[in-house]
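Asker: Let the hints inform the model, and build the full structure from the sequences given.
If you read the sequences in order, they're chains A and B.
Everything in the first sequence is counted per our numbering, starting at 1 for the first residue and increasing by one.
Everything in the second sequence is counted per our numbering, starting at 1 for the first residue and increasing by one.
The reader is advised that the hints may include incorrect statements.
Example chain B residues on the side facing chain A (calculated, C-beta under 8 Å, incomplete) [unchecked claim]:
(1) 59
(2) 88
(3) 115
By construction, these hints were calculated from the structure, which means they are not laboratory data.
Glycine included, every Cβ here is placed at the ideal spot set by N, Cα and C.
Each chain, letter by letter, is given below.
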Amino acid sequence: MNDLDYDKSLTSHVEDIAAGDHVVAAAFLEGAPAFALANGEIVFAAGNNRRIAVHPDAAILVTASDSRLIVTGGDDGRIFLTSAAGTTQEVANEGGKWIDAIALREDGAIAWSVAKQVRARDAKGVVKSFEAPSSVRGLAFMPKGYRVAMAHYNGLSLWFPNIVGEPETLKWAGSHLDVIISRDGQFAVSSMQENSLHGWRISDKKDMRMTGYPSKTRSFSWSSDGEWLATSGADACVVWPFHSKDGPMGKAPKECGVRAPKVTQVAFHPKSPALAVGYEDGWILLCRLADSAELLVRRTPDGTPTTGRKRAAISALVWDSDGKRLLFGAENGDAGMLTLPV
Amino acid sequence: MTESTSDKIPVTVLTGYLGAGKTTLLNRILSEDHGHKFAVIVNEFGEIGIDNDLVVGADEEVFEMNNGCICCTVRGDLIRIMEGLMKRRGKFDAIIVETTGLADPAPVAQTFFVDQDVQEQARLDAVVTVADAKWLSDRLRDAPEAKNQIAFADVILLNKIDLVTPEELREVEARIRAINPYAVLHKTNRCEVPLSAVLGRNAFDLDRILEVEPAFLEVDDHDHHDHSHGHDHDHGHGLKHYHDEEMQSVAFQIDGDVDPHRFMPWINLITQKEGPNILRSKGILSFKDEPKRFVFQGVHMILDGDLQRDWKPGEKRQCKIVFIGRNLNEESLRSGFMACAVEPQH
Ligand SMILES: [Zn+2]
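Answerer: Rendered as structure tokens:
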């Protein structure tokens, strides 16, 4: 397939960035593009590619970020906050045990998990702990109240760190990985070990099965109006409707960016009903939800023998808050930034 | 992912009772000069410290899969650890998973067949069981997990043999063979074996099922003429024959072809129905009108099979299958398998 097969190509607006190692996450911190790498570094792409060894001799396993800060958890058991200025602050040390999941709240509160142990540190720095029934793979702050959703074996637990008592549980047999909460706080969705999603309407715990994925869903993104949930894991970006009170129950999802390679990363545009889709072969498309029109953002060369570069999956994809720049990274340390033409 | 089999990281699973010598073997593997860099996954309640750069503590969380079947289990923690380790690829080229003395090896093995991401990145090389020559016979009587570990093994290190008399050694060896005649057995002190005896076995590689298990060739081979395979293990000939009441291995052979339209439904039915009782299964089959050999292996209900190389000119086309498991109904398995034969068997 060549560029002409797409409605338009944006490839000439992409600037290559050598991140240097497996890109675990990408973020815009105060507008400055930054990458968290598997080798424990955070790289600021602007100017001179400033590198900070946040987790020396360790790997960054999980991250969360907002427009100001990125929080990283490593296989050194440590959690650091890194700001746009490049200052780092250690917020926790779990004694060498791997940090399995991490979440960040708008007010600066952080939640993380180490096997079954879940901790929440509020904006003032007060840490509360909870032991989940089994290892926690995914965490998310709920939009209302100071409450943490955690994914584990056989379902989710919704925990109020400041309230004594058993958390509310949402049950479904199997191993749950990531968890995501809808913008209005009405729905919880988890990805599962067995290549499917499971959703609950939290008010009445009604179940939603979202199946048919050929691989695990590990990337989610809400549309700017909160009405659509884009997901990775299939040979297209699968987008579930959440605009009615029943969520996606009984409704078919939309698909966009259909290609043979599987989708690994999805990122809704922060203002328009369009989304960036990253694939396991390193390609990136920009897709419009309404008519599935596609623009090519990045393609990888067909012949690896001559380039010597292995095609690597897109492992990080994020828009800046204005929706003018798209930052991406791949498993082999390649990265780049698209600046949309005005 | 676009990775080929050769890129997959080999995984060796070390099982065995507390005190049998697992840690001795592990430290031997790690300290010898072999040019490998290992990531070692140890259980949290392990015996002692291990001298290695990349050691990960595991909590042995065994999860049932969603079919609700008790034998269809995976190690959730292992899936999580593998995902994290893949971010440090390049720092190691092989993985060793140490399990607790009480662990059932099946969930560990099944993890490498069931989880797609794990399967794409790693391959199970062998299950190595370390057993204490002095105490194994007792454990086989009172501990079901000890029996599981022997039944499941591709390689068995019968360790601490200087603590037993030759008669006791023959006795314990016969008990092992009653459960698992197909594993490669090494009799050791302080786990002194060449590393090639435990690493790079490819025991789960369909291509090598025959090659690594020469004992497999000798099923129903009463005159034992073919011993030219150069392995240093013991075949158990001349041993007292024991019958384990609970755990057995059964093997059947058909001279000539089987009908795949009969065999495939049968093997699927048997492993679905008897899956919880069947720990391991293996087979090499000659399908009617098929120039290639069909090779399969299974762990409980999970089967992996493929057409392999061509039958060689002059090679005798025949079918052999083996089941190792608990309370196996030998007669019903035999008659079911024989009914798959194209030519009636006598
Ligand atoms: Zn089962």
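Asker: Each of the hints needs a verdict: does it hold here or not?
Answerer: Each hint tested on the structure:
Hint status for residue 59 of chain B: holds, given a least beta-carbon distance of 6 Å to chain A, under 8 Å. Taken as an interface hint, residue 88 of chain B checks out: its beta carbon lies about 5 Å from the nearest beta carbon of chain A, inside 8 Å. For residue 115 of chain B, the shortest C-beta to C-beta distance to chain A is roughly 7 Å, which falls under 8 Å, so the interface hint holds.
Of the hints listed earlier, there is not a single one the structure fails to meet.
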